Amino acid sequence: MSAGAAIRAGDLVLARGEGADPLAAVAAQLSALGAGLEDVVDVVSFHRDARDVPGFLEAARGAFGEVPPAWTPIPVVSLEDPRARAAVRAIAHTGSAPKEGVTPDTIAWWRSLPVSAGCRRGDLVCVSGQYGTDADGDVNTPGDDAGQARNALNRVAEIVTRLGGRPQDVVDVWSCHQDPRGMAPAARVWEEEFRGDGREAPPAWTALGAPALYGLGMLGQYRALAELGGGDRVGATPAGGPWAGAPGGGAAAGGPGGGAPGGGPGAGAPGGGAAGKAGGRIVAVTGAAAEAPGGGVESPGDAAGQARAALGHMERALRGMGASLADVVAIASFHLDLRDLDAVRAAAAERLPGDRPPVWSAAGMTGFWRPGQLHALHALAVR
Amino acid sequence: MANVILARIDAKRTACRVEGLEWFEPLPAAAATRAGDLLFVSGQTAAEADGRVAAADDAAAQAGEALDRLGRVVESAGGTLDDVVDVMSFHRDVRTVGAVMDVARERFRDPGPAWTAVGSVGLPAPGALVSVRAIAHLGPGAREGVTPDGAAWMRGLPLSAGARKGDLVFVSGQSGLGADGRPSAPGDHAAQARLAYARGREVVEALGATMDDVIDICSFHLDPRGMVPCERVHMEVWEGVEPGAAAAWTAIGVPGLMAPGALSAYRLIADAAPGPRVGRASASIHWRDTPNAGASRKQGGRLVGIAGEVASDAEGNVTTPGDTFAQARYALRRIREVVELHGGTMDDVVEITSFHRDPRAWEIVMEAAREFFPEPGAGPAWTPTGATGLWNPGYLHEIYALAVL
Numbered sequence: 000m001s002a003g004a005a006i007r008a009g010d011l012v013l014a015r016g017e018g019a020d021p022l023a024a025v026a027a028q029l030s031a032l033g034a035g036l037e038d039v040v041d042v043v044s045f046h047r048d049a050r051d052v053p054g055f056l057e058a059a060r061g062a063f064g065e066v067p068p069a070w071t072p073i074p075v076v077s078l079e080d081p082r083a084r085a086a087v088r089a090i091a092h093t094g095s096a097p098k099e100g101v102t103p104d105t106i107a108w109w110r111s112l113p114v115s116a117g118c119r120r121g122d123l124v125c126v127s128g129q130y131g132t133d134a135d136g137d138v139n140t141p142g143d144d145a146g147q148a149r150n151a152l153n154r155v156a157e158i159v160t161r162l163g164g165r166p167q168d169v170v171d172v173w174s175c176h177q178d179p180r181g182m183a184p185a186a187r188v189w190e191e192e193f194r195g196d197g198r199e200a201p202p203a204w205t206a207l208g209a210p211a212l213y214g215l216g217m218l219g220q221y222r223a224l225a226e227l228g229g230g231d232r233v234g235a236t237p238a239g240g241p242w243a244g245a246p247g248g249g250a251a252a253g254g255p256g257g258g259a260p261g262g263g264p265g266a267g268a269p270g271g272g273a274a275g276k277a278g279g280r281i282v283a284v285t286g287a288a289a290e291a292p293g294g295g296v297e298s299p300g301d302a303a304g305q306a307r308a309a310l311g312h313m314e315r316a317l318r319g320m321g322a323s324l325a326d327v328v329a330i331a332s333f334h335l336d337l338r339d340l341d342a343v344r345a346a347a348a349e350r351l352p353g354d355r356p357p358v359w360s361a362a363g364m365t366g367f368w369r370p371g372q373l374h375a376l377h378a379l380a381v382r
Numbered sequence: 000m001a002n003v004i005l006a007r008i009d010a011k012r013t014a015c016r017v018e019g020l021e022w023f024e025p026l027p028a029a030a031a032t033r034a035g036d037l038l039f040v041s042g043q044t045a046a047e048a049d050g051r052v053a054a055a056d057d058a059a060a061q062a063g064e065a066l067d068r069l070g071r072v073v074e075s076a077g078g079t080l081d082d083v084v085d086v087m088s089f090h091r092d093v094r095t096v097g098a099v100m101d102v103a104r105e106r107f108r109d110p111g112p113a114w115t116a117v118g119s120v121g122l123p124a125p126g127a128l129v130s131v132r133a134i135a136h137l138g139p140g141a142r143e144g145v146t147p148d149g150a151a152w153m154r155g156l157p158l159s160a161g162a163r164k165g166d167l168v169f170v171s172g173q174s175g176l177g178a179d180g181r182p183s184a185p186g187d188h189a190a191q192a193r194l195a196y197a198r199g200r201e202v203v204e205a206l207g208a209t210m211d212d213v214i215d216i217c218s219f220h221l222d223p224r225g226m227v228p229c230e231r232v233h234m235e236v237w238e239g240v241e242p243g244a245a246a247a248w249t250a251i252g253v254p255g256l257m258a259p260g261a262l263s264a265y266r267l268i269a270d271a272a273p274g275p276r277v278g279r280a281s282a283s284i285h286w287r288d289t290p291n292a293g294a295s296r297k298q299g300g301r302l303v304g305i306a307g308e309v310a311s312d313a314e315g316n317v318t319t320p321g322d323t324f325a326q327a328r329y330a331l332r333r334i335r336e337v338v339e340l341h342g343g344t345m346d347d348v349v350e351i352t353s354f355h356r357d358p359r360a361w362e363i364v365m366e367a368a369r370e371f372f373p374e375p376g377a378g379p380a381w382t383p384t385g386a387t388g389l390w391n392p393g394y395l396h397e398i399y400a401l402a403v404l
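Listed in order, the protein sequences are those of chains A and B. The first sequence: position 232 = 231 (numbering that gives the first Met the number 0), numbered continuously. The second sequence: position 77 = 76 (numbering that gives the first Met the number 0), numbered continuously.
Isolated chain B, as found in the complex:
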């Protein structure tokens, strides 16, 4: 792959057309997007344009290629991997995470970015073993990183428990683990979630922000049924927070987490920009009276975290059971609705991470997305991955997004 060409597509989201990643061009998505200092890079894999993958059975080699592609995208935008502040990687087999981390160690300097590694039950190319999506901050200054003693097990890895650049703080998926990386409360979803939140708070505060700055929460759960006790913990942690001042929460079932025995991992985004946190929820959201926002940002900030949208009506019923296309269209409409409540448009949506109950759904979802991102190749950076379960077993997709206003 040679140079990356950055083409300004519109006044808001700037889609990056990437040589070697032309397969994005007919899609309502982009390989990468830029908004101000922030660069959002879609899930990079080792797949070629025709879907073939060279190192079919070698996750480390594939990770090397994916990280090289990530590096080239960032460099073409004028940055380096040192500017990467947040990584989420999706692994077809979590037993290979260690090998992927070894490959990453050669590329990321200390302090590393925040990095949340979780399992996937399917990536767009069937042969792809790992997908790496990232956010880089191309503004001045250096990436700060912190790994508190309580998360000491992370210190051997090419990542930080939390990373900051500018006002933005990203927290690596925190789990209910002791400093040695072993589960503190084996088998106990609620206790582990409580500890994960405590660790997340510690990291956020060590980087100069507070829990009041947290705009976005993504939690990954080893068994989708584990979300239920975690919901109780969520309500405890955010008790007293009005929906209009709440963070966005996306909860996803995944087939594996980084540490054996961990039942959940919580990745947080905090924005230290001034002013209170502003949450908005669309009328259709059935949890709108809880301390959850459909989308959240700081009053003085530009980044908006949009909770994974699903095919749920105002009463929590599945809108169109079993209908892959209709559920995707509905979720994207809800994203549009909630972005508009924040004063933005779909042109402000810079990144989508879509979680699918069946990875084969992705192509149908792309068709549904054309209505919302009509210019081919100029949509948000889009990372699809297969999930083991969403909040309601009838949801076929959960579409998680970030916008920059």
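Just chain A, same shape as in the assembly:
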């Protein structure tokens, strides 16, 4: 069994829930591991229809205690359970530090929602998926992927800073794009944001095509995890792997390398490896995909072959960070066709330890970095 429903790693507890009441399922899983909804600092919810999101959030009002968690709702093409309308993955922090939440004035419209734009407990800062909007919730720069990406990443930096961190503490970013072709303009912004000084490795980056976002006209959504302290952000790009030649990356995690999706030689995939803090415990692995050495797609059209290739990249990236597949606490797998999930799980079962399976969430999405990539497998490890 390579897919679990809940797991504990130190003071972190991760759980997932589906079915009629995914949040109740999460609560039950957390409870079994000594945590509660009031400990939750980060929620990702997957929705079969974007129009369900406001009601789903509203139904959760008050469920998480006085400080609501960061919350990233992601409309998806399909969920693991074909009959489900939503699935939830939550990260709880059971430490003794107070749970803090912040929603800056720049996105004041969020204050009507039962979520925190950013939530911190201890050294962990979780940032809800940010959009390119103004304080009233109107979309900035309509039709402009790059403009919205810049605005959203500025919000991520603002929120992390307000919670006592630095932008350099961000180790993990998920971006959802209303059109997979929106990734290329977003990648140029990413280069500016994270490679400007070339000193530190960029965060791990998982870019996903989503069928819709929270509001009409939103083109991108940027969710982040940060770990405070622990020195510099460092990355690992598997030696000889497809991302090793990332320009400006050096020994750091890869990055988009400026290559356009579908084109661009080598080093094209977002994140391209793993990232974490030098002295930290969290390692994020970019949505591993079937990236061929030198660029292009490994095992075209072969769901199992692409899963094996992605898992190989994941394993090497973790090793580069001094971790292993045994440290993986959560996998979020994204698929162009969810009918492939069984083949992916079977490939994972060959590599993942059976005794402590990671929490595994799966969703169908509209596209990944390169056309032809069938999956993106995001991993979170605690070393």
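Since the hints were made in silico from the structure, they are not lab data. Since we're looking at a predicted model, the values are computed, not measured. Please note that the accuracy of each hint is not assured.
To be verified - If you only want the chain A side, here are some residues facing chain B, beta carbon under 10 Å, derived: (1) P74; (2) A83; (3) D144; (4) G216; (5) P299; (6) A302; (7) S323.
Stated by the list, open to error - A partial selection of chain B residues facing chain A, derived with a Cβ cut-off under 7 Å: (8) A54; (9) D56; (10) A59; (11) D92; (12) G97; (13) P125; (14) G177; (15) R181; (16) P185; (17) G260; (18) G321; (19) R332; (20) D357; (21) G388; (22) G393.
C-beta atoms are modelled at their ideal positions from N, C-alpha and C, and glycine is treated no differently.
Keeping the supplied structure of chain A fixed, place chain B upon it in accordance with the hints.
Relative to chain A, chain B alone:
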């Protein structure tokens, strides 16, 4: 739902007011329209007038209800499901297509209609899992159907690879699959498109028409970026065809296709009516020098295929980035322009299938459409569905239409 009342709205398109589907009545659309022998039925779902859906998590039950509604519409117009020649169904989750086909098998007799089943990222009612739109031919004679050996995998399904009645031939979405239904060239968009076209040709010819009779092409792509290699194939297939003699092509990104591993599906309409194919393109269309028409018909035929219209200017720029209403109005104006180039008017537009980057856009699009179809409930049969990507990432809608002159 009881009887269907057919009301003649004007001399051209006849809108069908359908009891139980009154929610169409305030809209610039109709549940169904009739023009001559052809009946165009909008996407039927299991949603009630208030948007609620009874079998919220059961795609098969919803499909049963949608097909029953389709059947009642056709019967009220004097036909039966045996007259249905073309179906397109939009599925919120393509894993349920098999269950939907099982339900359809109880209702469609062999040889079945052409049927193109693709994924959708959103239907008008958030709870709807499947939408089924159809064309029925109510003229004399029986539906012919053919499924060649190369598409043998389709034989277990309640459909034909191609169906014909009268002069019209409809080809089910063809993909680059072997006879066993497995992809012939895994991961290769161009190779699969080439095979899909070859299969489409085989079907068209088996039904007594030729590729010169093809007036309308709808291609569905698993990843919108896959359209680029498919464009090259399109140019190969139609090489040497002047725009004034070309078919209309609509290319849409969808989140799923019927067969796992298929990257595209090509649905064709051919008209065996006499005379050459006549293509027209509006001045604003940036691909007007290619073998593509903005709208196409046979000289001796009445059916016009109108390529999905988008917010593109003559140079291919997005006219109004991020503006849901303005992009819809612009696309509808282009439809009007190209129908007029064929000598028709918006009253001749019998069916619209609109593809939206965000399903929430549909209500705004309806507002934009009132200018073009001012009488409530008397517009074209209209099926909206959510798409994963259109030709240019800046397009918010692509509005595909059929007209009968």
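Against the structure, the hints come out as follows:
1. Proximity of A/P74 to chain B holds as hinted, the smallest CB-CB distance being about 8 Å (cut-off 10 Å).
2. Proximity of A/A83 to chain B holds as hinted, the smallest CB-CB distance being about 8 Å (cut-off 10 Å).
3. Restraint check, A/D144 versus chain B: the minimum CB separation of about 8 Å is within 10 Å; hint holds.
4. Checking A/G216 against chain B: minimum C-beta separation of about 5 Å stays under 10 Å; hint holds.
5. At a threshold of 10 Å, the smallest CB-CB gap from A/P299 to chain B is about 3 Å, leaving the interface hint in force.
6. Taken as an interface hint, A/A302 checks out: its beta carbon lies about 8 Å from the nearest beta carbon of chain B, inside 10 Å.
7. Using the Cβ-Cβ criterion of 10 Å, the hint placing A/S323 at the interface with chain B is not satisfied: the shortest such distance is roughly 31 Å.
8. Look at B/A54: its Cβ only gets to about 10 Å from chain A, farther than 7 Å, so that hint breaks.
9. At a threshold of 7 Å, the smallest CB-CB gap from B/D56 to chain A is about 4 Å, leaving the interface hint in force.
10. A cut of 7 Å between beta carbons decides the hint on B/A59: the least distance to chain A is about 11 Å, and the hint is violated.
11. This hint holds: B/D92 has a C-beta 5 Å from the nearest C-beta of chain A, less than the 7 Å allowed.
12. Interface hint at B/G97: violated, since its Cβ lies 10 Å from the closest Cβ of chain A, which is beyond the 7 Å cut-off.
13. The interface hint given for B/P125 holds, since its Cβ lies 4 Å from the closest Cβ of chain A, which is under the 7 Å cut-off.
14. Below 7 Å, beta-carbon pairs count as interface contacts, and B/G177 has none with chain A, the closest being about 13 Å; its hint is therefore violated.
15. For the restraint placing B/R181 at the interface with chain A, the shortest Cβ-Cβ distance is roughly 10 Å, beyond the 7 Å limit, so the hint is violated.
16. The beta carbon of B/P185 comes within 2 Å of a beta carbon in chain A, closer than 7 Å, and the hint placing it at the interface holds.
17. For B/G260, the interface hint holds, since its Cβ comes within 7 Å of a Cβ in chain A; the closest pair sits about 6 Å apart.
18. At about 3 Å, the closest approach between the beta carbon of B/G321 and any beta carbon in chain A falls short of 7 Å, and the interface hint on this residue holds.
19. Because the closest C-beta pair between B/R332 and chain A is about 19 Å apart, greater than 7 Å, the hint is violated.
20. Annotation: interface hint on B/D357 holds; nearest CB of chain A at approximately 5 Å, less than 7 Å.
21. Contact between B/G388 and chain A, as hinted, is supported at the beta carbon level, the nearest pair being about 5 Å apart and thus within 7 Å.
22. The criterion of a C-beta within 7 Å of any C-beta in chain A is met by B/G393, whose closest approach is roughly 5 Å, and the hint holds.
Checked against the numbered hints given earlier, this structure breaks hints 7, 8, 10, 12, 14, 15 and 19; the rest are met.
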